[in-house]
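Listed in order, the protein sequences are those of chains A and B.
By this note's numbering, the letter at position 85 of the first sequence is numbered 405, and the numbering carries on one by one without gaps.
By this note's numbering, the letter at position 70 of the second sequence is numbered 390, and the numbering carries on one by one without gaps.
Hints listed in this document are in silico derivations from the structure and should not be mistaken for laboratory results.
Any given hint could turn out to be false.
The list treats identical chains as interchangeable, and a pair is accepted whether it falls inside one copy or across any two copies.
Unchecked claim - Calculated pairs, DSS-like style, for lysine-lysine (alpha carbon to alpha carbon, straight line, at most 30 Å):
no., residue 1, residue 2
1, 802, 749
2, 803, 638
3, 803, 349
4, 638, 349
5, 638, 802
2 protein chains.
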Amino acid sequence: MSDAGADRPKRRRAGGRAANLRGKGAVIKQLPWSLPINPDKPTEPLDETGVAAIHDGAMRILEEIGIEFLHPEAVEILRDAGCEVAGENVRMGRDFVMAQLALAPASFTLTPRNPERRIEIGGRRMVFGNVSSPPNCSDLDRGRRAGDRESFRDFMKLTQYFNCIHFAGGYPVEPVDIHPSVRHLDCLYDKLTLTDKVVHAYSLGKERVEDVMEMVRIAGGLTWAEFEETPRMYTNINSTSPLKHDHPMLDGAMRLARRRQPTIVTPFTLAGAMAPVTIAGAVTQSIAEALAAVALIQVIAPGCPVAIGTFTSNVDMKTGAPAFGTPEYMRATQVSGQMARFYNLPLRASNACAANCPDAQAAWESAFSLWSALSGGVNVVYHAAGWLEGGLCASYEKFIMDCETLQQMIVYMEPVGASEADVAFEAIKEVGPHGHFFGAQHTQERYETAFYSPFLSDWSNFESWEEADAVHTPERANRLWKKILAEFKAPPLDAAIAEELAAFVAKRKEEGGAPTDF
Amino acid sequence: MSDAGADRPKRRRAGGRAANLRGKGAVIKQLPWSLPINPDKPTEPLDETGVAAIHDGAMRILEEIGIEFLHPEAVEILRDAGCEVAGENVRMGRDFVMAQLALAPASFTLTPRNPERRIEIGGRRMVFGNVSSPPNCSDLDRGRRAGDRESFRDFMKLTQYFNCIHFAGGYPVEPVDIHPSVRHLDCLYDKLTLTDKVVHAYSLGKERVEDVMEMVRIAGGLTWAEFEETPRMYTNINSTSPLKHDHPMLDGAMRLARRRQPTIVTPFTLAGAMAPVTIAGAVTQSIAEALAAVALIQVIAPGCPVAIGTFTSNVDMKTGAPAFGTPEYMRATQVSGQMARFYNLPLRASNACAANCPDAQAAWESAFSLWSALSGGVNVVYHAAGWLEGGLCASYEKFIMDCETLQQMIVYMEPVGASEADVAFEAIKEVGPHGHFFGAQHTQERYETAFYSPFLSDWSNFESWEEADAVHTPERANRLWKKILAEFKAPPLDAAIAEELAAFVAKRKEEGGAPTDF
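Okay, chain A solo, but in the shape it has when bound (with noise of 0.2 Å):
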C-alpha cells in the first residue's frame, strides 16, 4: 500500500478549516476536489487457475469464433494486422492480442479545459462521473417525466457542483426537445460552459464525434497539435453482444484513436440473455469483445490510451429484466478487475441499481454497486451519482444522495494512521476511567477534522428529527438540489472561447448538423 500513499494530498479534510471559510454561505459543505487513491488491496473470487481459465477462454472466443466487426474498414486494418477475416468476422490470435494490449498504458491523465479537473485513470486511482444517457428524468415536484435542455442542464450543474464528480460522463439524461440533428452542438456548448470539466463525445456517427472533438479543442483554447499531445475527452462504446462491434461505436472509437483520445470499450453482458448465464462465462465473452476493440485501437494507433468496461450483470429469469448491485453484479465486477489488472488495463464500471425510486431498494443496490467496484479496484465509476430504473431515469434526489455516499467512499480510501499520536495512549491515560475525551486537548486538536461531516444524512435523535417534520432523506435531498442549482454559478470561461464556440455551433446547425438515420 505504500505506493499509494506517495502523491497523496497530505492533510486528510484538506477541507476542515479552509473549507469551512470557503464554504460560507455555500449551500452546503462538501470536500475538496481530490483524485482519490484506493489503498485496499482488490477482493480476488479467483484464484490464478480461474483467472486463467478467463483468459484461455477470451483467447479461445478470438481464436476460433471471432468478433463481428460491423465496420468495413476496421476489417481491413485488422486483415491487414493479419487476422483471419470472413466477411464481416475477425479471428485473431492471442499472440497478436496480446501484442497489442501490451501497447497500451497501464494508466493515463485526461485534461479538460481547466487543469486543475484533470483526472488520472487507472493504477489505484478512483474516479466518479455523472449519471449517463437516460431518456428520462424525475424529481419528487414534477415526477417522472421524459429529459429536456432544462433537466440537462440542471444535470450539468449538479455534475460542476459537486467536487466527488469528476468527470462529466454522457449526457446525464436526453433533451428529448432539442433535434437529434443538432442535440450534440448544443448539448456539448452547455456541458463546456457550465462545467470545466473532463467531457466525452458518444459514438453516434462521424459528424458528432468531429464536431464534439472540435469543440473541445476550441473550448481549451487549443491548437489540433495541442489537442493530440494528450488525451483530453474520451469515448465510450459498449459492443452489441453476443460478439459483434457495430458501426458507428468503432468508427468513434476509430476518429479517437486517430487523435489519440481515449476509448473505453464497455460490453454490455447480461448473464443469461446476451452472455453465458454463468458470471464467469459472462465475463469471459465481455473480456473477449473488449479486448478485440482495444486490439483495434492499438493497431491504429499504438500505445493510445484505453480502458475497458465492465457491465455485467444477471437478469430476473421470470421476466428479463435486469438487475444490477445484486451479488453476481458484484462478483462480476470484481472478477473483471482481476482480468484488468491482468492485462494491466484500467477498468470501468458503474454505480447501478435497478430500483425505480430513491428508496431503500435504491441505496442498497447502489451502496452494493460501489462497493463491489472499490473492492474490486476499479479505476472509474460511471453513472456514480443519479441513476435510477436501471439507466432509464436520472433522479434529481438520487444525485444528491449518491453524492453523499461517494463522499464517505472518498473519505473511506484516506489512509488510517496508526503513530503515536493516533494511538493516543498519552490521551488515554489523561482522561482516565473517570472522564470523557470531549474536553481532552487531543480531541481539541483534531475534532474539527477527524470525521466525515454529512451534509445530507441526518444523525439526529428521533425527537428531534420528528419534531423538525420526520423528513426523509429524498425529501431532505429534493431541497438541496434546488438550492444548489438556486445560486448555481458557471464556472469562468474566456469570452472570446465562448463565443467561439457559439459561432461554431450556429454554423454547423446551419450546415444541418448530423445525419439522424442511424
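Please build the complex by placing chain B on the supplied structure of chain A, with the hints as guidance.
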C-alpha cells in the same frame, strides 16, 4: 481460500428446486439455512507496524494505566493470578495477558435446543443475529412506540422465520409491559418456545444469568453436565468505557465461564466521547478493555470460548450524537478485524445505522456497516436485522429489508466458479453473434439456480411498478411481515419440556424473580 471450501455446502443454491418445493405456499421463497463461509481475504487498513502499534498501545494501557474491575471477586482473582491491584484498578503485564489469550480457542460452536441450528463462531464463518435491546419498536401502521411482549414475540417469530438469521441475540425490543423482576423469565420462555436458535443471557445480575442458564438447559433436555460439555448459549458484556468493567457485566461473564459458556466482550467506544477521537486510539482502548475481560475469563476457566466485539464509531462533534456506518466506523471495524486475527480470537460487529426511518439513509448506513463486517473478516454480526436510530428502535420493516440484504451477502459469499463449464466457451460458440442465451442448453441447465432471487426487491420496470401502485420498499416490507407473522408456526418442542419450562417460570415468579435495584 482453499481452506474455506472444504466443508462448504456442495450445491450453491442447495436451495434451488428443493427450496421451491419446500416453499410451496410459503409467504416467501428464502434461502435455506446455511452457515456462510467468507471467502474474501480481509481488507487490512493497517500494515504490520500499525497492528504492532495498536497492540503495544493496548498492552501499555493494561500495564501502565490499568482497568477498573467493579467486582471485588474479579479483583481478587486477578490479584491471585499476579496482577497489580490498587483498589478497583487492575494492571496486568503483557506476558500474562498474552498467556491468557493463548488459552482461548480461535473458534467454537454454539448448540441450541435444536442441534440443526448449531452455529460456528470464528475462522472464516460469518453468522447474523437479530436486533437486540432497543426500548422502542416501530412499524408503518402503528408508528413508534415502547416495546411490549407482543412486539417482542413478533420479532422473535421473524428471527425464527428467516434462515439468514442464525441466532437470537438479546431482546429484539424491551417488553416494558412485563415487570423487570420477571421479564427475563417470560422473555426466555417466549424465546425458547418461539425459536430453536441460539439464545443469550443478559448479564444483569446473578438471578437473571442463572435463570437463563437453567432454562436453556431445560429447553435442551440436558443435565448440567451435558450443558457444560459444550457451549449452549452466550452472553455479551460491554465495558463502561473508558477503562471500566462494571459489576453485573463481569458477574454474568464469570457465571457463564464457570459453566464454560462463552462471553463476547464488546466495549462501546465512541471516538471523541468515551474514547480517543482517532480511529487507532479508539480501537486501542477498545482492545485493551476487551482483552482485560478475556484475561479474567481465562483465569477463571482456562480455554473457555470467548470473542471480542467492536462497537467503535464516531460521534457528530456538533451534537455528540453517535453515527454509524460512517467511513470511520468501517475502518474501525476492519482494524478491529486485524487485531482479532492478531490475537486469534473471533470478532463480533454490528449492522448499525443512525437513521430514524427505514429510508435510503438507513439502507446505505446498514450496507456500509455490513460490508465493513464482511471485508473486516467479522464472525458475528449483531443487530443484523431490524435496527434503527442508533439502536433505540426495532423496526418491523427494517427487519425484512435487512434480511433481503443479508441473503444477498450470503449468496455473495458462495464461491465463484471458473471451471470449463462456467467459462462456457461451447455455449458462446453455439449461440454465436446472432443468437441469445435464453434458450441455450447451458442456460436451461442452470437458470433456476444461477442468480439470487429477491423476495423484497422490485426489479420490474417503471411502468409495471407504477401500474402496481408504485409501492416503495418499506411498504412492501410491511406487507411481508404481516403475512409472515400470520402464518408463523413455532418450531416443535417436546411437550414435557415446554411444561418444565413453564413450571420453572411459575416457580421463579412465585419466588419474586430477580432484584430490580441495579
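Give me the numbers of the hints this structure contradicts, sorted from smallest to largest. As far as the earlier hints go, only 1 is violated by this structure.
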